[in-house]
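Residue numbers (my numbering), protein chains in the order written: chain A, 634 to 1068; chain B, 634 to 1068.
The set of hints was computed from the structure by calculation and includes no laboratory data.
Treat the hints with care, as some may be off.
Identical copies go unnamed one by one, so any copy, or any two together, can satisfy a pair.
Taking lysine-lysine and the DSSO-like style, the derived pairs with C-alpha atoms no more than 30 Å apart in a straight line are [stated by the list, open to error]:
| no. | residue 1 | residue 2 |
| --- | --- | --- |
| 1 | K660 | K1002 |
| 2 | K787 | K660 |
| 3 | K658 | K1047 |
| 4 | K896 | K787 |
| 5 | K658 | K705 |
| 6 | K1002 | K653 |
| 7 | K658 | K922 |
Protein chains: 2
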Amino acid sequence: MASASQPNAGSQGCWWWLLKDLPEKTKNKVVNVAGKANKLGRDEPRRIIHCLKVGLALTLVSLLYYVHPLYKFFHESGVWAVLTVLLVLEFTVGGTLGRGLNRTFATLLGGALGVGAQHLAALSGEIGQPIVLGLCVMVLTAAVTFLRFFPEMKARYDYGLIILMLTFSMVSVSGYRDEDALTIAYERLLTIIVGCVIALLVSILICPVWVGEDLQRLIAANLEKLGSFLEGFSGAYCRISGDAQITIDQSFLQGYKSVLTSKHSEETMVNLARWEPGHGRFLFRHPWKQYLKVGTLARQCSYKIEILSGHLASEIEAAQEIRGEIQESCREMTRESGKALKELAATIRTMTRSTSMDFHIENSKGAAKNLMSLLETGLLEDSTTLLEIIPAVAVASTVMDIVTCTERISDAVKELASLAHFKSTISPVVTPEEP
Amino acid sequence: MASASQPNAGSQGCWWWLLKDLPEKTKNKVVNVAGKANKLGRDEPRRIIHCLKVGLALTLVSLLYYVHPLYKFFHESGVWAVLTVLLVLEFTVGGTLGRGLNRTFATLLGGALGVGAQHLAALSGEIGQPIVLGLCVMVLTAAVTFLRFFPEMKARYDYGLIILMLTFSMVSVSGYRDEDALTIAYERLLTIIVGCVIALLVSILICPVWVGEDLQRLIAANLEKLGSFLEGFSGAYCRISGDAQITIDQSFLQGYKSVLTSKHSEETMVNLARWEPGHGRFLFRHPWKQYLKVGTLARQCSYKIEILSGHLASEIEAAQEIRGEIQESCREMTRESGKALKELAATIRTMTRSTSMDFHIENSKGAAKNLMSLLETGLLEDSTTLLEIIPAVAVASTVMDIVTCTERISDAVKELASLAHFKSTISPVVTPEEP
């Protein structure tokens, strides 16, 4: 982006002259937005593919209008197919399928109810008809709106409930003038099915984005981030006490922050993943909820890491001798926990059972036990005040919590591995080399 | 709900006989759902009012069909007004206004672009026309779909971008057969404006739900929950050491958990609140982002409280004498911080500046200073092992962090008070009596 703000004769030359005459402020803004767009596309090239997919699906569905025989069959209602493609085609297969099924079944149900309401109203004479219809619409929409407040409905069927109200109102209200409510309902359903099928085919056949795979990657990445922090902490904690002047690469300090607030995206992804059919190594009824459990444990661990991160920045200097005593154990515990978390991330990512994390967890528990006995037997020297030992003791206490937490995450991942039938290997996954 | 599962002759009698003949399992399910619905309505009666509002708005907009002169003016396109009401009328005023403005302006822009595309295509002859139209639709939808990936656009204009694509495709595609694209665009815009106006009037005039007020209440409630935890902790921590056998009321232990994961709802509410016009004590351009800042600080505080909550449940028994020494300071610090947080919550809730939290914050800082000097001067007895002092020291360290955090929250609330022109009072807000 820094280079983009300076014109050069290279690839940017072709569009740079367009901006030449703009005021400086506008020029900066344009360059800024272009940089952001560039980053969005580079970070996730599937976004660009998705945009092309939307364009393609819409061009396909427009054929209902452009090709004469198709137009003769669908008439004006072809427009519903166009709307359907735009509304249903989501970034992920799960999203598309969820919206498509919601839309189709809600249209079916809403249309049927609408035709029923029409018949009911027709029985009540010319004056009674609009009153009965109005009452039906009012009662049904109020009831469905209330259903939307149920959290279970909101999570999976919210779109369907909206479409149910839409279709019911449209069929029953416009049927009042059009006479033939059945035809409206039928045409709407047919075109919506056509739209959904086109959206689904484009979504699944062209570079499909499976939200289940993304969820798995997210959970694995979160464990990896926690692991990186712990490994980084292990190194930094050692170096601080060794020589306070060395500047530490603090990039690992930021990575875990996104884990603190990942609850909403994890839940959304699980809800979408449940719509997806079996594909590749993900069978239908894959235990998605177990991923949520691992995610929750990882988040609990991240709270403790947040505290640990605060201790790194703490200003109170600990007594050197205390730090030296406890430090080696803490270093060992965080390093081994970090390795275990990275192994767990690899287990999830590759869907392959491994036993090498047990080794690291045992190591970290061993270090914790050493620390405990060290704390139990090692008496303090007379000259040490409580204030001097606070930082080291607080770190030790948090690190011991993290060891427990890592073990719990490991149990949850093992449960996931057995529920989702992960592959077994005899040779353990290669552990990353120590930096 | 326990009483609902047993038939009685009271008010339930009238519907109980309907379930009498159902199998036991279905009966339980029905009772279960009814109980949930009852709870949803009782917890938030505004939900019921919202349902009635939707029903009313829809009945109003149906008049476009039922009343002959209106129908003669709007014809079939009145159906767009019905859809608009259903899609735009949200639970909150901010939500309704945001969607309404998005929908109106996107329709205007999309319609204009669609008519433009029509004219462009008409220039390219009979064979070229569908090709040019198809290309236009493809390019515009792909570009707009990409725009939806920008986080800033997604947060506030996502719905507008969808409607832009919808209207553009509809006008340019269906205009190909209908000849008169301008009329389609015009009718669609007109009916959408009618629908939006009806939705907005119903939303604002009948028991309006201002999301800004809800946001303020949420932030205040979060601070209150943290305060309750700290006050509860202060009591429980004392009693544990006094007599381990006393059972503690642990309800306060759960309240703060919702603060840990409140980020998403806070951000959503701020985005909606920014759409709302000034009302009551909330002027236009109310500093909503400052609420987000207070919320973030409260969340950081809740991470520390999560750790503190873990210490309460910790099994390692501390050396009695150490606990006694440190305990009084910790008790004082948590109690005063808790009171300060409750004062801050009251400040936000009543929008009235108060200085009484300064008093509590000073107290808690004083207690922290006492603790520090106690730790600095108080040497340990020879017989004490490190293990025995870990729990007390870890609690002390976390509590000191919380005192700092509370002060930071207080600063953010003061900034909010000056940005949002909170009222000043001379007499301090009444503090709740100590239990």
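What hints, given by number in increasing order, does this structure fail? Of the numbered hints given earlier, those the structure breaks are 1, 3, 5, 6, listed in rising order.
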